[in-house]
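With the hints as extra help, turn the sequences into a complete structure.
Going line by line, the protein sequences match chains A and B. Everything in the first sequence is counted per my numbering, starting at 1 for the first residue and increasing by one. Everything in the second sequence is counted per my numbering, starting at 1 for the first residue and increasing by one.
The reader is advised that the hints may include incorrect statements.
Since copy identity is lost for identical chains, a pair holds within one copy or between any two.
In silico DSSO-like cross-links for lysine-lysine, where the CA-CA straight-line distance does not exceed 30 Å [to be verified]:
(1) Lys292 - Lys46
(2) Lys292 - Lys85
(3) Lys168 - Lys202
(4) Lys117 - Lys202
(5) Lys46 - Lys85
(6) Lys46 - Lys168
(7) Lys110 - Lys202
(8) Lys202 - Lys292
(9) Lys110 - Lys292
(10) Lys85 - Lys168
(11) Lys202 - Lys85
Don't read these hints as lab results, they were simulated from the structure.
There are 2 protein chains.
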Amino acid sequence: MSNPFTVLRTQEVLPGNEARRGILLTAHGAIRTPVFMPVGTQGTVKTLEPRDLRDLGAQIVLGNTYHLMLRPGAETIAEAGGLHKFMGWNGPILTDSGGFQVFSLDRLRKIQDDGVKFHSHLDGSTVFLGPERSMAVQRALGSDIAMCFDECMPWPCSREYAVASVAKTLSWAALCAEQPRAPGQLRFGIVQGGIYADLRRKCASELTAIGFDGYAIGGVSVGEPEDALLRGLEYGVGALPADRPRYLMGVGDRIQIVEAVARGVDMFDCVSPTRHARNGSAFVRTGSLQVKAGRFARDFRPVEEGCDCYCCRNFTRAYVRHLLNAREILGERLLTIHNIHAYAVFMRELRASIDAGEFDLFRERAWADLRSARPPAMAG
Amino acid sequence: MSNPFTVLRTQEVLPGNEARRGILLTAHGAIRTPVFMPVGTQGTVKTLEPRDLRDLGAQIVLGNTYHLMLRPGAETIAEAGGLHKFMGWNGPILTDSGGFQVFSLDRLRKIQDDGVKFHSHLDGSTVFLGPERSMAVQRALGSDIAMCFDECMPWPCSREYAVASVAKTLSWAALCAEQPRAPGQLRFGIVQGGIYADLRRKCASELTAIGFDGYAIGGVSVGEPEDALLRGLEYGVGALPADRPRYLMGVGDRIQIVEAVARGVDMFDCVSPTRHARNGSAFVRTGSLQVKAGRFARDFRPVEEGCDCYCCRNFTRAYVRHLLNAREILGERLLTIHNIHAYAVFMRELRASIDAGEFDLFRERAWADLRSARPPAMAG
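Right, here's the structure in full:
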């Protein structure tokens, strides 16, 4: 199996700093890492067009297997010529396995040895998703990177449950590895194991033995404390091959991104920049701005001074606030443009700092900028 | 008073055909007529950015005095440097007087000799709007064309009520004409009088005596039958000066536009292309397409074949339908782009037909294309 990933630069002169620059080749173009991937759950990054994503420097977007298989259905997308053609985006696409969504369904699902039976949130119909079906759907979607179908453990999770769960994730990963792929499609394994160091290591080394194009660190769930996240990450990364891309799933907090990059992670995704935008929250260098707030009613500065996104070049806080309060769709769209731009700039500067051998300074600056914006328990 | 309007071309060789091409100069640019003006109720044409409007060939947009005075308030917009700066649109803007909205409030309003007292639909507070206040707000907004504050008659309307109403509209028009204006701001009078020919003529000639930059035909209300609309229009236009622009308010049906142009009207506005888009309806040459319909689930043709708008060049009916069904904002936006484009193309072809001396052929073709799409009573 040839390796689509090349590590271009590390920070070896900085002890305890595993940050690295890389380039990942896919069937729809090259991705410069570390990279943040905007989420396009239902075949669109909410409010944005493909031309916007290009303009904003998005290198790759996510699609959600669970949502797309239920609506409009994998067959419809396959008939359209695949997800790229269907949504009009000819850059790289990563699809998740659907596992995270079905395991989040709670009372609507039943876990079996061969997958999960669940009720569709759209019409209540019974649907089955397991490793074979997930890979078949991702093949039909034609994504550039397909993820293995894994079990997402609950938080907190007993050791007994975790042992059984990792065993299941590993047997499903082996099954996923046997399935046919779309032309040029890469496949990533997912390291589970919660906060149990030995389970994380075992999972990572057994996945490596199966052999994947890249590896994700899973297990980020609502309510999981940050130290557990970083610990789980360290255990997992240590046992993964250094020459393959590493992807921390669902993480979008900028400090967590920086800390994960320092531990050798290359890829990230999160709904936070798009979801916060629709809730009226703009990400700025030092945290976030609740643009709906009354104090911005006559604030005629841009959302973020010095920002060169379309929103900040053309409109004021007062105007965007007015749009949000009047429930005008344009308000959500303008803030989405700003937030995706803010993340693109953050990641571009992060990559430049690694190139310059100055990632440690970038990390310090990020902490200085963002410490006060963090929840007290995470202010480091 | 210099005349900002020039009639460039008429169809004098075609008997009974008053269609004409013109150019109206405003402080923010020239408008080629006949023109359709997209509606930007709350300081945005819903879902669109100013750059979209430019790309789509919108020559002028509407702003709503009623909505903007309540939120964010005329003072805020004045402080921002006017509506153009506030919404980032440097092309021409026409503001209505707020009259249509406050007279539509029904039980929430009280009509007085000097204006209307009403309850804000936002917070229930008591607000007063009359000719002086309306002109003051439009001055603060800094629109290129301000409309007189008139009484919008109910439909149907007794002759007795109509006589008193026209008298009120005329006295208010005289008051409006005395108010100061924003620099370069044009002011249009509004002809009322319902279906009463003599009242329409009297209103038109008295407004002409006061002297305005242009004249609107008012009185289009929900439930008014089409023949009443066209009759009222004919009565009004006949008594208006030929060298001034004529604006038929609130009309957006393409056949009604064509018939009004044939009767000498130059300007139109309507929420229909934008509102229908958000309801999933696409305007096509022969009528409209309900894109949400199940039969489009696997229809991989563009919304309108041969259309060169961004939506039709890049996406399929199946994709737009998926977005609408998944309640993705992008679906509403893509159809808005298509509909505004469709109207821009329709008006461009209409203007070209007048230039070519072939408006009669354009009118025939429009009827042939759209007859079957009309409500039975209007199929002509």
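The hints, checked one at a time:
{"no.": "1", "hint": "Lys292 - Lys46", "in the structure": "both (20 Å within a copy, 19 Å between copies)"}
{"no.": "2", "hint": "Lys292 - Lys85", "in the structure": "between (37 Å within a copy, 20 Å between copies)"}
{"no.": "3", "hint": "Lys168 - Lys202", "in the structure": "within (13 Å within a copy, 86 Å between copies)"}
{"no.": "4", "hint": "Lys117 - Lys202", "in the structure": "within (28 Å within a copy, 75 Å between copies)"}
{"no.": "5", "hint": "Lys46 - Lys85", "in the structure": "both (17 Å within a copy, 27 Å between copies)"}
{"no.": "6", "hint": "Lys46 - Lys168", "in the structure": "neither (34 Å within a copy, 49 Å between copies)"}
{"no.": "7", "hint": "Lys110 - Lys202", "in the structure": "within (26 Å within a copy, 77 Å between copies)"}
{"no.": "8", "hint": "Lys202 - Lys292", "in the structure": "neither (48 Å within a copy, 49 Å between copies)"}
{"no.": "9", "hint": "Lys110 - Lys292", "in the structure": "neither (42 Å within a copy, 33 Å between copies)"}
{"no.": "10", "hint": "Lys85 - Lys168", "in the structure": "neither (35 Å within a copy, 60 Å between copies)"}
{"no.": "11", "hint": "Lys202 - Lys85", "in the structure": "neither (39 Å within a copy, 61 Å between copies)"}
Checked against the numbered hints listed earlier, the structure breaks hints 6, 8, 9, 10 and 11; every other hint is satisfied.
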